[in-house]
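Start from the sequences, fold in the hints, and give me the full structure.
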Amino acid sequence: MTREPGQPSLPPLGRSTTRSDLVAASLKTAILSGELKPDEVLVERRIAELLGVSKTPVREALISLTSTGLLTSTRNRGIAVRRLGAEDVRRIYEMRMLLEPWATARAASDGGFDPTEARRALDDAARFVEADDQVRLSLANRGFHRALYSTCPNDMVVSALDDLQDLTALGTVSLLWEQWPTWRRELDEHREILRAVERRRPDEAEDLLRRHIGRSITRLTTAEPSSSAELAPSGSVAGLDTHRSLVDRR
93 MTREPGQPSL PPLGRSTTRS DLVAASLKTA ILSGELKPDE VLVERRIAEL
143 LGVSKTPVRE ALISLTSTGL LTSTRNRGIA VRRLGAEDVR RIYEMRMLLE
193 PWATARAASD GGFDPTEARR ALDDAARFVE ADDQVRLSLA NRGFHRALYS
243 TCPNDMVVSA LDDLQDLTAL GTVSLLWEQW PTWRRELDEH REILRAVERR
293 RPDEAEDLLR RHIGRSITRL TTAEPSSSAE LAPSGSVAGL DTHRSLVDRR
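Quick note: the sequence shown uses our numbering, first residue 93, plus one each step.
The set of hints was computed from the structure by calculation and includes no laboratory data.
Incorrect hints may have been included.
Said to hold, decoys possible - Label pairs and their calculated CB-CB ranges: (1) Arg291 to Ser251: 25 to 31 Å; (2) Arg283 to Thr148: 42 to 48 Å; (3) Glu290 to Glu179: 31 to 37 Å; (4) Pro245 to Thr164: 30 to 36 Å; (5) Ser146 to Thr274: 42 to 48 Å.
Think of the CB as a built atom: it goes at the ideal place given N, C-alpha and C, for glycine as much as any other residue.
Structure (structure tokens):
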């Protein structure tokens with residue numbers, strides 16, 4: 093394409109999925125599954141060697157995950173998996189309260205909503221509840237919530253909620269469920285919310301989801317866990333030793 097005088101020079105559009113996207117997805121999976129723990133330092137060279145890529149996409153992935161809040165830049169050690177405190181989790185839920193009920197109501201009013209993914213996530217969640225697998229249950233819940241709001245026509249809201257759901261999964265298991273074992277009740281609430289969405293009752297779906305999120309905010313606010321309470325994914329997952337190559341063991 094010939095550039096006219098005075099027009100800016102723009103780089104060509106790349107592929108929608110880049111190496112850095114793939115690296116970021118791999119790291120996110122390791123973080124949310126508990127294979128990478130809070131405060132563990134991620135070393136570019138080791139990640140690049142393990143994934144068979146150069147350090148450039150690894151660096152880009154680390155920057156991207158830092159911007160979403162899953163990673164944090166430490167003063168002396170570099171980039172590490174973020175450790176969430178109780179106040180962090182409360183703020184995450186408050187942000188979800190502002191966005192998610194509205195987005196789900198928009199999805200419920202749209203005749204194009206497909207409940208397949210939400211139903212599948214609920215089936216998975218029911219199995220993980222019985223197996224007492226809280227890590228996979230947290231990820232199934234994340235998938236359920238995303239299935240509800242992902243068809244909202246506002247892409248910016250969907251993107252913001254995706255990041256908030258990642259942070260929710262990072263913090264749910266070791267604070268909320270450790271102190272308040274509500275996962276069976278939450279499963280019933282999810283079923284009720286889905287019924288409202290499937291029946292295209294946006295006001296009811298919005299109200300149910302607002303109350304669902306609000307209960308967690310109330311627990312975090314009224315119980316006032318110790319300010320030193322910190323969150324870390326827990327539970328037993330296959331391949332737990334994989335992350336050892338990614339972290340700094342100085």
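Evaluation of the provided hints:
{"no.": "1", "hint": "Arg291 to Ser251: 25 to 31 Å", "result": "holds, 27 Å"}
{"no.": "2", "hint": "Arg283 to Thr148: 42 to 48 Å", "result": "holds, 45 Å"}
{"no.": "3", "hint": "Glu290 to Glu179: 31 to 37 Å", "result": "holds, 36 Å"}
{"no.": "4", "hint": "Pro245 to Thr164: 30 to 36 Å", "result": "holds, 33 Å"}
{"no.": "5", "hint": "Ser146 to Thr274: 42 to 48 Å", "result": "holds, 45 Å"}
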